[in-house]
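Asks: One letter stands for each residue in the lines below.
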Amino acid sequence: MDKLYFEDFPPGEIVEYGDMPVTAEAIEEFAREFDPQPFHLDAEAARRTIAGGQIASGWHTAAMLMRMNCDEFLGRTASQGAPGVEALDWLKPVRPGDRLRARRTTLSARASRSRPAVGVVEFLFEVVNQSSQIVMTQKGAAFILRRATGEAAP
Amino acid sequence: MKGLYYEDHRLGATATIGSHEFTREAILAFARAYDPQPFHLDDAAGAASLFGSLCASGWHTVSVCMRLLVDFRAAQRVAAAARGEPLPAPGVGLGVRDLRWIAPVRPGDVITYSTRIESMRETKRPQWGIVGYRAGGVDQHGRDVLSFASQGLVARRGR
Numbered sequence: 001m002d003k004l005y006f007e008d009f010p011p012g013e014i015v016e017y018g019d020m021p022v023t024a025e026a027i028e029e030f031a032r033e034f035d036p037q038p039f040h041l042d043a044e045a046a047r048r049t050i051a052g053g054q055i056a057s058g059w060h061t062a063a064m065l066m067r068m069n070c071d072e073f074l075g076r077t078a079s080q081g082a083p084g085v086e087a088l089d090w091l092k093p094v095r096p097g098d099r100l101r102a103r104r105t106t107l108s109a110r111a112s113r114s115r116p117a118v119g120v121v122e123f124l125f126e127v128v129n130q131s132s133q134i135v136m137t138q139k140g141a142a143f144i145l146r147r148a149t150g151e152a153a154p
Numbered sequence: 001m002k003g004l005y006y007e008d009h010r011l012g013a014t015a016t017i018g019s020h021e022f023t024r025e026a027i028l029a030f031a032r033a034y035d036p037q038p039f040h041l042d043d044a045a046g047a048a049s050l051f052g053s054l055c056a057s058g059w060h061t062v063s064v065c066m067r068l069l070v071d072f073r074a075a076q077r078v079a080a081a082a083r084g085e086p087l088p089a090p091g092v093g094l095g096v097r098d099l100r101w102i103a104p105v106r107p108g109d110v111i112t113y114s115t116r117i118e119s120m121r122e123t124k125r126p127q128w129g130i131v132g133y134r135a136g137g138v139d140q141h142g143r144d145v146l147s148f149a150s151q152g153l154v155a156r157r158g159r
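As you go down the protein sequences, you meet chains R and Y in turn. Residue 1 is where the first sequence starts when you use our numbering, and the numbers rise one by one after that. Residue 1 is where the second sequence starts when you use our numbering, and the numbers rise one by one after that.
Everything labelled a hint here was simulated from the structure, so no lab data went into it. Note that this is a predicted model, so its numbers are computed, not measured. Keep in mind that the hints are not guaranteed to be accurate.
Pair ranges (Cβ atoms, derived) [said to hold, decoys possible]:
| no. | chain 1 | residue 1 | chain 2 | residue 2 | range |
| --- | --- | --- | --- | --- | --- |
| 1 | R | Glu13 | Y | Ala29 | 31 to 37 Å |
| 2 | Y | Val110 | R | Pro116 | 32 to 38 Å |
| 3 | Y | Ala48 | R | Gly53 | 43 to 49 Å |
| 4 | Y | Val78 | R | Ala111 | 48 to 54 Å |
| 5 | Y | Ala45 | R | Tyr17 | 19 to 25 Å |
| 6 | Y | Gln140 | R | Ser112 | 38 to 44 Å |
| 7 | R | Ser112 | Y | Arg97 | 19 to 25 Å |
No more than 20 Å apart at the CA atoms, straight line, and that leaves these computed lysine to any residue pairs for SDA-like [unchecked claim]:
| no. | chain 1 | residue 1 | chain 2 | residue 2 |
| --- | --- | --- | --- | --- |
| 8 | R | Lys139 | Y | Gly152 |
| 9 | R | Lys3 | R | Gln80 |
| 10 | R | Lys92 | Y | Leu153 |
| 11 | R | Lys139 | Y | Lys124 |
| 12 | R | Lys92 | R | Ile50 |
| 13 | R | Lys92 | Y | Gly91 |
| 14 | R | Lys139 | R | Val15 |
| 15 | R | Lys92 | Y | Gly93 |
| 16 | Y | Lys124 | R | Thr49 |
| 17 | R | Lys92 | Y | Thr123 |
| 18 | R | Lys139 | Y | Gly93 |
| 19 | Y | Lys124 | R | Ile50 |
| 20 | R | Lys92 | Y | Gln151 |
| 21 | R | Lys3 | Y | Pro38 |
| 22 | Y | Lys124 | R | Ala51 |
| 23 | R | Lys92 | Y | Pro90 |
| 24 | R | Lys139 | R | Ala87 |
| 25 | R | Lys3 | Y | Asp42 |
| 26 | R | Lys139 | Y | Arg134 |
| 27 | Y | Lys124 | Y | Gly91 |
| 28 | R | Lys139 | Y | Arg97 |
| 29 | R | Lys139 | Y | Val154 |
| 30 | R | Lys139 | Y | Leu94 |
| 31 | R | Lys92 | Y | Ile102 |
| 32 | R | Lys92 | R | Ser132 |
| 33 | R | Lys92 | Y | Gly95 |
| 34 | R | Lys139 | Y | Ser147 |
| 35 | R | Lys92 | Y | Trp128 |
| 36 | R | Lys92 | Y | Val154 |
| 37 | Y | Lys124 | R | Leu91 |
| 38 | R | Lys139 | Y | Leu41 |
| 39 | R | Lys92 | Y | Lys124 |
| 40 | R | Lys139 | Y | Ile102 |
Just so it is clear, CB atoms sit at the ideal spot from N, CA and C, and this is done for glycine as well.
Next up, chain Y with everything else stripped away, as it sits in the complex (with noise of 0.2 Å):
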């Protein structure tokens, strides 16, 4: 994508936003924190679940994908301001649609992320467009493990 503003934004334009392993150690150390239920912090009570086994916090994977973003908009604000074009002001995210834990992700996977534009539209506020992606997570095995939508503010280019 050339440019960041809304409107060099694409329907249809892909992009995989990079990988993440989730270690045993994350794993419990985000469910201490957030999500504290058995089958985020024991094996035993993991392998008893419906799960099969230990996994991690469907907040901590998708967490784990608005990181992941976040890296990937950053380095494409550095090459942006490296060709010396002007940035576009950061947009705020609005909402989630359709969020899906399709299967659970085990310490030691690895989780690549992608993201897809579904939807675009302009706002009544003419500095900002909103932007809906589904964004997907695939393990090593290339299984989908998770998939949302999402609508956030993105700054037009303007006059």
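Isolated chain R, as found in the complex (with noise of 0.2 Å):
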């Protein structure tokens, strides 16, 4: 497929995609290394808890959207990575079971200031279960190369 500039991602373009699985072996991995508390790593234990059962660390959430961000797009984008995150939600449990979906709204696009070789590009990430609710939104910028001035063109 051929690749993609900051001139392929005008605002307002709205797509969705991934089918990421949920298992509770994934959850217990990231848990296991990042962030070891009972409700994500011991289901049994997760049910004495506010989470009311097995959840997966909200960071575990935001690498899996990276993970469909870069199996859709990013790994054919020209990126150039990013700066930041300005809003970043959790606003539903994801549990073993899940099946995950992305929805990117492209907000804004522009050219850097600084580096007019790059383009601004800001999306706001909605982060899907297989019951059409949102469990996580993401919103921030990315740095995405030009392709007036970045590699040619195919």
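Since each chain comes alone in its own frame, lean on the hints to assemble the complex.
Replies: In structure tokens, the structure reads:
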């Protein structure tokens, strides 16, 4: 597939993609390394917590969104990383057996003032589960090379 | 901090929660699993990117912050239990604002993480308060690499 540049992300565009199965094993693997709290590690202990059952670390959900983004578009985009995230909200629990997908809305796109070769694209990502509930939202900008000044267009 | 309930927290209180060395192996492993972009996986691609060299996924650097925070709180709970104090039910995080990846984290960098309490408010639910932290990471040269504000539920002592 063709490589994607700044110009390929028009404001207003909405795209859905991804089908990420959430397993207990994956939840526990992430939690053992990065977030070893009982409601992530142990289904039995989780029942007696505010979570009411085993849930994925919110940082794991953010990492799963990143993976879906890489697989869907960043892997073939002239991406130059991101300066940060304006807002990240964990709205609903993510549990074993869930299937997650992503919805990406392009909010704005502008040239970088300091680096003419780079565009700044602001995205809203919504992570949606199999019941069409939005479990997480993430809003922030990404740096993407401009076609005119980036690599030669195919 | 004496006690671990909402009422024991103080606006402006700071804590150094720990340090972590980012090894090349760990940077590559995280990137393969969750963020397989070339500048997180390959030296040449890193050198050609805006980062100037291979660097860790920003999600890796915030996830390590979470790990150190969990370990820090677990040690506080052990100490509180040893003093015979009751232990609050653990709360969950609600969200993050103004997450900034200020400078790249490269193999061999040692990041020291700290937190500062920025906001506190009660909720409609009498058993929970919301504590807002600003978390930051500084590398071995004293440069800021990471900053974010997070909000989470903390159990209230109640009556």
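Asks: All the hints need checking, so say for each whether the structure fits it.
Replies: Against the structure, the hints come out as follows:
For the pair Glu13 of chain R and Ala29 of chain Y, the beta carbons lie near 33 Å from each other, so the given range of 31 to 37 Å is met. The hinted range of 32 to 38 Å is satisfied by Val110 of chain Y and Pro116 of chain R, whose Cβ atoms lie roughly 35 Å apart. Here the CB-CB span from Ala48 of chain Y to Gly53 of chain R is close to 46 Å, well matched to the stated 43 to 49 Å. Between Val78 of chain Y and Ala111 of chain R the Cβ separation comes to about 53 Å, which falls inside the hinted range of 48 to 54 Å.
One distance hint, 19 to 25 Å for the beta-carbon pair Ala45 of chain Y and Tyr17 of chain R, holds here, with the actual separation near 24 Å. For Gln140 of chain Y paired with Ser112 of chain R, a C-beta distance near 30 Å fails the hint of 38 to 44 Å. The beta-carbon spacing between Ser112 of chain R and Arg97 of chain Y, approximately 23 Å, falls within the hinted interval of 19 to 25 Å. Note on Lys139 of chain R and Gly152 of chain Y: the hinted pairing holds, with a Cα-Cα distance of about 19 Å set against a maximum of 20 Å.
Between Lys3 of chain R and Gln80 of chain R the CA atoms are separated by roughly 14 Å; this keeps the pair inside 20 Å, and the hint holds. Distance check on the hinted pair: Lys92 of chain R and Leu153 of chain Y sit about 14 Å apart at the alpha-carbon level, within 20 Å; holds. Restraint check for Lys139 of chain R and Lys124 of chain Y: the C-alpha separation of about 27 Å exceeds 20 Å, so the hint is violated. In summary, the hint linking Lys92 of chain R to Ile50 of chain R is supported, as the alpha carbons are separated by about 13 Å, within the 20 Å threshold.
For a cut-off of 20 Å, the pair hint linking Lys92 of chain R to Gly91 of chain Y stands: about 14 Å separates their Cα positions. Of the pairs offered as hints, the one joining Lys139 of chain R and Val15 of chain R holds, with about 15 Å between alpha carbons and a cut-off of 20 Å not exceeded. Taking the CA atoms of Lys92 of chain R and Gly93 of chain Y, the gap is near 11 Å; set against the 20 Å cutoff, the hint holds. Straight-line distance between C-alpha atoms of Lys124 of chain Y and Thr49 of chain R comes to about 19 Å, which keeps the hinted pair within the 20 Å bound.
For the proposed pair Lys92 of chain R and Thr123 of chain Y, the alpha carbon gap of about 18 Å is at most 20 Å, so the pair holds. For the hint linking Lys139 of chain R to Gly93 of chain Y, the alpha-carbon distance of about 17 Å falls within 20 Å, and the restraint holds. Using a Cα cut-off of 20 Å, the hinted pair Lys124 of chain Y and Ile50 of chain R holds, with the two alpha carbons roughly 15 Å apart. Restraint check for Lys92 of chain R and Gln151 of chain Y: the C-alpha separation of about 15 Å stays at or below 20 Å, so the hint holds.
A threshold of 20 Å between alpha carbons decides the hint, and for Lys3 of chain R with Pro38 of chain Y the separation of about 14 Å falls inside it, so the pair holds. With a C-alpha separation of about 18 Å, the suggested pair Lys124 of chain Y and Ala51 of chain R falls inside the 20 Å cut-off, and the hint holds. Pair hint Lys92 of chain R plus Pro90 of chain Y holds up; C-alpha atoms about 17 Å apart against a cutoff of 20 Å. With a CA separation close to 5 Å, the supplied pair Lys139 of chain R and Ala87 of chain R stays within the 20 Å bound.
Pair hint Lys3 of chain R plus Asp42 of chain Y holds up; C-alpha atoms about 19 Å apart against a cutoff of 20 Å. Our distance criterion of 20 Å between C-alpha atoms is met by Lys139 of chain R and Arg134 of chain Y, whose separation comes to about 18 Å. With a C-alpha separation of about 15 Å, the suggested pair Lys124 of chain Y and Gly91 of chain Y falls inside the 20 Å cut-off, and the hint holds. With a CA separation close to 10 Å, the supplied pair Lys139 of chain R and Arg97 of chain Y stays within the 20 Å bound.
A C-alpha spacing of about 25 Å is found between Lys139 of chain R and Val154 of chain Y, which places the hinted pair above 20 Å, so the restraint is violated. For the suggested pair Lys139 of chain R and Leu94 of chain Y, the alpha carbons sit about 15 Å apart, so the restraint of at most 20 Å is met. Annotation: proposed proximity of Lys92 of chain R to Ile102 of chain Y is violated, straight-line Cα distance about 29 Å (limit 20 Å). At most 20 Å may separate the alpha-carbon atoms for a hinted pair to count; Lys92 of chain R and Ser132 of chain R meet this at roughly 11 Å.
Restraint check for Lys92 of chain R and Gly95 of chain Y: the C-alpha separation of about 11 Å stays at or below 20 Å, so the hint holds. As the CA atoms of Lys139 of chain R and Ser147 of chain Y are separated by approximately 16 Å, the hinted pair is consistent with the 20 Å bound. With a CA separation close to 17 Å, the supplied pair Lys92 of chain R and Trp128 of chain Y stays within the 20 Å bound. Simply put, Lys92 of chain R and Val154 of chain Y have alpha-carbon atoms about 18 Å apart, close enough for the 20 Å limit, and the pair holds.
A distance of roughly 17 Å separates the Cα atoms of Lys124 of chain Y and Leu91 of chain R; the hinted pair therefore holds under the 20 Å criterion. Simply put, Lys139 of chain R and Leu41 of chain Y have alpha-carbon atoms about 25 Å apart, too far for the 20 Å limit, and the pair is violated. Between Lys92 of chain R and Lys124 of chain Y the alpha-carbon distance is near 19 Å, which keeps this suggested pair within the 20 Å criterion. Pair hint Lys139 of chain R plus Ile102 of chain Y holds up; C-alpha atoms about 17 Å apart against a cutoff of 20 Å.
Consistency note: the structure conflicts with the earlier hints numbered 6, 11, 29, 31 and 38.
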